[in-house]
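*Asks:* Each chain, written out:
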Amino acid sequence: MNYTRQEMMAIAAGREIYAGEMAIFGVGLSMLAGHFAKRNHAFGIKDLTEGGVYGATPVGGLPWGIEDNRISANATSFTHCIDALGMMVASGRCDVGIIGAAQIDKYGNVNTTGLWEEPANPAYLPPKTRLSGSGGAPEITCSCKRYIIMAAHEKKRFVEKVDYISSPGYLSGGDARARYNFHGGGPALIVTTLGIMRPEPVTNEFILTGYYHSSSIEEIKENTGWDLKVAPDVQLVPEPSPRELENLRAVDQTGMLRKKG
Amino acid sequence: MNYTRQEMMAIAAGREIYAGEMAIFGVGLSMLAGHFAKRNHAFGIKDLTEGGVYGATPVGGLPWGIEDNRISANATSFTHCIDALGMMVASGRCDVGIIGAAQIDKYGNVNTTGLWEEPANPAYLPPKTRLSGSGGAPEITCSCKRYIIMAAHEKKRFVEKVDYISSPGYLSGGDARARYNFHGGGPALIVTTLGIMRPEPVTNEFILTGYYHSSSIEEIKENTGWDLKVAPDVQLVPEPSPRELENLRAVDQTGMLRKKG
Amino acid sequence: MPNKLLSMQEAVAQYTWDGMQYAHGASLSVGPDSVAFGREMVRQGRKNLHVMSHCCGQQLNLLCAAGAVDRVETAFSGLEVYGFPYGLRRAVESGRTIVEDYSNLNFSLRLLAGAMNWPFCPAVSGYGSDQEWRSAFSPEEYPCDKKIPEVMDPFTGKTCHVLSPLKPDVAAIHVTMADPDGNAIMLGTEWNRYELSRAAKKVVLQADLIVDTACMRQYPNLVRIPDVVVDAVVYWPLGVWPQCSTGLYDSDEEHMYYMNNAMKTPEGFDEYKQKYIDSYHTIDEYLAVIGKGKINKLQDTATWHLMDPYRKWIMSSEEIVKLMDGR
Amino acid sequence: MPNKLLSMQEAVAQYTWDGMQYAHGASLSVGPDSVAFGREMVRQGRKNLHVMSHCCGQQLNLLCAAGAVDRVETAFSGLEVYGFPYGLRRAVESGRTIVEDYSNLNFSLRLLAGAMNWPFCPAVSGYGSDQEWRSAFSPEEYPCDKKIPEVMDPFTGKTCHVLSPLKPDVAAIHVTMADPDGNAIMLGTEWNRYELSRAAKKVVLQADLIVDTACMRQYPNLVRIPDVVVDAVVYWPLGVWPQCSTGLYDSDEEHMYYMNNAMKTPEGFDEYKQKYIDSYHTIDEYLAVIGKGKINKLQDTATWHLMDPYRKWIMSSEEIVKLMDGR
Chain W
18 MNYTRQEMMA IAAGREIYAG EMAIFGVGLS MLAGHFAKRN HAFGIKDLTE GGVYGATPVG
78 GLPWGIEDNR ISANATSFTH CIDALGMMVA SGRCDVGIIG AAQIDKYGNV NTTGLWEEPA
138 NPAYLPPKTR LSGSGGAPEI TCSCKRYIIM AAHEKKRFVE KVDYISSPGY LSGGDARARY
198 NFHGGGPALI VTTLGIMRPE PVTNEFILTG YYHSSSIEEI KENTGWDLKV APDVQLVPEP
258 SPRELENLRA VDQTGMLRKK G
Chain L
18 MNYTRQEMMA IAAGREIYAG EMAIFGVGLS MLAGHFAKRN HAFGIKDLTE GGVYGATPVG
78 GLPWGIEDNR ISANATSFTH CIDALGMMVA SGRCDVGIIG AAQIDKYGNV NTTGLWEEPA
138 NPAYLPPKTR LSGSGGAPEI TCSCKRYIIM AAHEKKRFVE KVDYISSPGY LSGGDARARY
198 NFHGGGPALI VTTLGIMRPE PVTNEFILTG YYHSSSIEEI KENTGWDLKV APDVQLVPEP
258 SPRELENLRA VDQTGMLRKK G
Chain G
8 MPNKLLSMQE AVAQYTWDGM QYAHGASLSV GPDSVAFGRE MVRQGRKNLH VMSHCCGQQL
68 NLLCAAGAVD RVETAFSGLE VYGFPYGLRR AVESGRTIVE DYSNLNFSLR LLAGAMNWPF
128 CPAVSGYGSD QEWRSAFSPE EYPCDKKIPE VMDPFTGKTC HVLSPLKPDV AAIHVTMADP
188 DGNAIMLGTE WNRYELSRAA KKVVLQADLI VDTACMRQYP NLVRIPDVVV DAVVYWPLGV
248 WPQCSTGLYD SDEEHMYYMN NAMKTPEGFD EYKQKYIDSY HTIDEYLAVI GKGKINKLQD
308 TATWHLMDPY RKWIMSSEEI VKLMDGR
Chain R
8 MPNKLLSMQE AVAQYTWDGM QYAHGASLSV GPDSVAFGRE MVRQGRKNLH VMSHCCGQQL
68 NLLCAAGAVD RVETAFSGLE VYGFPYGLRR AVESGRTIVE DYSNLNFSLR LLAGAMNWPF
128 CPAVSGYGSD QEWRSAFSPE EYPCDKKIPE VMDPFTGKTC HVLSPLKPDV AAIHVTMADP
188 DGNAIMLGTE WNRYELSRAA KKVVLQADLI VDTACMRQYP NLVRIPDVVV DAVVYWPLGV
248 WPQCSTGLYD SDEEHMYYMN NAMKTPEGFD EYKQKYIDSY HTIDEYLAVI GKGKINKLQD
308 TATWHLMDPY RKWIMSSEEI VKLMDGR
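Residue numbers (the numbering used here), protein chains in the order written: chain W, 18 to 278; chain L, 18 to 278; chain G, 8 to 334; chain R, 8 to 334.
Hints listed in this document are in silico derivations from the structure and should not be mistaken for laboratory results. Hints may contain errors.
[Claimed, not checked] In silico DSBU-like cross-links for lysine-lysine, where the CA-CA straight-line distance does not exceed 30 Å: (1) L:63 to R:209; (2) G:271 to L:276; (3) R:301 to R:280; (4) L:63 to R:208; (5) L:145 to G:280; (6) R:153 to G:165; (7) R:304 to W:276; (8) W:276 to R:271; (9) R:271 to R:301; (10) G:165 to R:208; (11) G:271 to L:173; (12) R:304 to L:162; (13) G:319 to R:319; (14) G:174 to W:63; (15) W:162 to G:174; (16) L:63 to R:174; (17) G:304 to L:276; (18) R:165 to G:209; (19) R:174 to G:165; (20) R:165 to G:165; (21) R:174 to L:162; (22) W:162 to R:165; (23) G:208 to W:63; (24) W:172 to W:276; (25) W:145 to R:280; (26) G:165 to R:209.
[To be verified] Beta-carbon label-pair distances, calculated as ranges: (27) L:195 to W:74: 55 to 61 Å; (28) L:37 to G:298: 45 to 51 Å; (29) G:16 to L:58: 16 to 22 Å.
Cβ coordinates follow ideal geometry from the N, Cα and C atoms, glycine included.
Chain W extracted, bound-state conformation (with noise of 0.2 Å):
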């Protein structure tokens, strides 16, 4: 069949989502994973952005916003970042998200908001390399229930340890999380153009748990800057389906994953 690795991933990421949840999507990759689930078989999924656009789907492709015109022509409810971002998702009420990363490491924490020459250094410098800041980001991994990372899957994103913590993930792994009062569970998974990894139990260390026929847990390996454990039970995640890949494609009718990979 004939698909590209990041339609692999928005598909992956997208057979995470299930029917019936109340569900945030980011701009780009993740808004396209969730809207082929919601289209393919997450039917009934309460769905919302950060600024508070309720019931839509969108049209024309690919919004270049979350509040883009494409995802604002046939919502049910507007409201706003209070309402969505804390009412919603702080809260504890919304089940799953999906956010993206600029940078990973092993316990799932995100950096969004720069790279730094000596990240070591404590005192804050300006960044080598200014990011486009946290978002909404933090809001989902502190408190969804459980939320999907989605990054191309490169050596310098996935770090030993990253610059900056823009969104929480196990922090230091094992219980580190918990000593904040947070109302979410923590990363559930991490999708990317060459696989999936999930949290080891107990030190919550992120283990490589599923590879794609386009890819191989050698190539995933070297692709990755911490030393990637393999599960035991590590699997060859299912290609996409046919009807899968016609929901993405109805989904992304820009095109948007099809440009590269």
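Once you've looked at the hints, dock chains L, G and R against the given chain W.
*Replies:* Then chains L, G and R, alone, in the frame of chain W:
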């Protein structure tokens, strides 16, 4: 001139509202006084209700409630309690408010919660008489830059010490109020069916500063439950002008203020 | 997805129980409260309720007169220009029902804290008074340090009072219009129905009108209660009677006084219950109890034009029945 | 009462100054921000700004590229699908501009605290990370205990993180429609424009359309920004360009990339300023700069129907000019 004591009271209170101010009025007397002022002289006031009815003028007479249809028919904005009582009033933004009172004491503390047999008992017992509860008056009394209290002048209402402080005035007098970081300055005056009282500097005890053509200093003292002091410069309050009465009656279409008196 | 329409009887049977924390109103005293829902609770004999009532007059009055209420949390329990609620007074003054008082804003902020799942909410008003020092729920403690306690503001070192959150088991919220999925539009001030719809664990809407979802898609900014927070929708026209519903009908002056006077005595309550609660089962019977002439008079409201933009989406009784049967 | 209409030039001259705390946006990155107001600030040469920008892309990008910004408080500074803002990057990576980061919700809550005049706002997310421990404004303090400090919740004894309030000097807020008094309707999500309109000391609205107040009286529940909080209203059609305004026009894909690329270098900025800021003075000239064909294309938006109910109240340029002259 033919007018009732309620009308005199409403006009006397309305005269204390100035052009351009942000003002909040409760239901009943205070709404009539406020809208009289708006029509008569306080042009361009920014008036609102506790529920966030903005820009409205009552139609058909006194509204039965502060979000009644008579005040909702021509509003420019409807918001909500946290907006109006919170962001406009409790925040300290509102210039002036008018409240009513079931019981008032010499420091301008107001009770609208209940009457007790043994008010001195610190334990909380069921009240002998349940009143309506404080409503939004605590926001007005804690936070408006200044406020006006309106009440029928009866000995049982004007007491040495209220059974229960629902809405704080000057508390035990002097600078007792200062230990709370309230945004508002405290009650500016009490307007009654018989006259006007204002706080004495330093002690903040309310003293008589005005009486009406229809009342006398003696009558007021007799109808006050504490030993009411009379200001050295006590004044006869000017009678309603024909224009004032005309404007008041245009607001009080249902003649609520002419029913008794 | 099946729609969320339920009959009033089913909704009350399914979403209320004895001893529950029940919230209603979140509108102003003579305004859009779920009064018809409260009538049905009385008919079904609910008791030992902990009612969060802000600040709705006649429903709380009725439930108190029925002896159904152990505890009330409120900020205003009057009937505005219609005076004091006699059923509530009787229950409170006899010691049957105890009332914990907050200010109007602070009640709303407690709902906000519940909606946000905050441990507390800051307050800048409504303390420094007996509302802070006395607690009806903890009568022996004076001053009651737990009711509106202080914390130190770490930014300035000053003290700040904070409020406890409210998270009622169920809220019955009146809305002007709902679609069958539970998207809802309120005309008039929201008071704190928005916050309540997020603070309550379950939400039942009582709607004067059911409209097609196309109405919501034309006016998404008006849909302050989206379907995702709603569990059930009850269609019940004139359901706020004898109070008012902005855009639809005025308060019924005559019945407001009549009803309140009836609540003064157990006999009066019994008679009222017989005449105005037990006397109907269907919507048509309910409307007949109010009376056609009265309804016409109440609908002659100065706010009628506020409904104009939405009329074309109003569903008829027949369409609604079909939707309910069709599930 | 005179109306509040001001020309863009007057509004910027009167309500902005060097060194001020300036807030804009309070909408999403490619959404309805007061971009045209920001262009005029660049033209008038404002500098040393402390910008509260949440989370608006191109205006902040432009102000940073102009070297006008000392400090930014934000939560998201990207251009969503359009990528990273190069003007901001250049300013930040060179150390010219420093950025203090919070989460999206926490930024909104800081505005809420400002609007309520609370000393702080509780947070249940957005800490336990470098957002709590590191501060760009206090770089030498690590961990920075003052950025998101903890207090003890007196109800449970657990700790709770709290946020400091924001109260910008002036906010320039984009709205879809305003009346001449400053009552405003926003179509699409509000993001946190509602909170900002109450948190800022002064508020200037930038409106795509001016409508008669009769529109507000028909839809008072849509008027989330009432005139009482508004100081000035600037009519500026297509004022969000190249970003999108729900109901009116889409984002301009081509110009979004072009503009962002221009911000990469001082030379690119200069050229952009000459072509897209200094090149117009009137609204007509501004629209000519965008181009008629482009405008038609942008207005071919899937959200166009959302404006239908309001078209009859839209005032023409002539009527608006008359109102401004008539004062």
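*Asks:* Do the alpha carbons of residue 63 of chain L and residue 208 of chain R lie within 30 Å of each other, as the hint requires?
*Replies:* holds, 16 Å
*Asks:* Residue 165 of chain G and residue 209 of chain R were given as a pair; does the straight-line alpha-carbon distance stay at or below 30 Å?
*Replies:* Given pair residue 165 of chain G, residue 209 of chain R holds - Cα atoms ~27 Å apart, limit 30 Å.
*Asks:* Between the alpha carbons of residue 165 of chain R and residue 209 of chain G, is the straight-line distance 30 Å or under?
*Replies:* With Cα atoms ~27 Å apart, residue 165 of chain R and residue 209 of chain G stay inside 30 Å; holds.
*Asks:* Could you grab the alpha-carbon distance between residue 304 of chain G and residue 276 of chain L and see if it respects the 30 Å cut-off?
*Replies:* holds, 25 Å
*Asks:* For the pair supplied as a hint, residue 174 of chain R and residue 165 of chain G, confirm whether the alpha-carbon distance does not exceed 30 Å.
*Replies:* Holds, because 19 Å separates the two Cα atoms, which is no more than 30 Å.
*Asks:* Does residue 276 of chain W lie within 30 Å of residue 304 of chain R when you go C-alpha to C-alpha?
*Replies:* holds, 25 Å
*Asks:* Holds or violated: residue 271 of chain G and residue 276 of chain L, Cα atoms, limit 30 Å.
*Replies:* holds, 25 Å
*Asks:* Take the C-alpha atoms of residue 208 of chain G and residue 63 of chain W, compute the straight-line distance between them, and say whether it is at most 30 Å.
*Replies:* holds, 16 Å
*Asks:* Are the Cα atoms of residue 165 of chain G and residue 208 of chain R separated by 30 Å or less?
*Replies:* Holds, at roughly 23 Å.
*Asks:* Given the hint that residue 162 of chain W pairs with residue 165 of chain R, test it: the Cα-Cα distance must not exceed 30 Å.
*Replies:* holds, 21 Å
*Asks:* So if I understand the rule, the pair passes when the alpha-carbon distance is 30 Å or less; does residue 145 of chain L with residue 280 of chain G pass?
*Replies:* holds, 27 Å
*Asks:* Holds or violated: are the alpha carbons of residue 63 of chain L and residue 209 of chain R at most 30 Å from each other?
*Replies:* holds, 16 Å
Violation of the numbered hints given earlier is confined to hints 12, 29; the remaining hints are satisfied by the structure.
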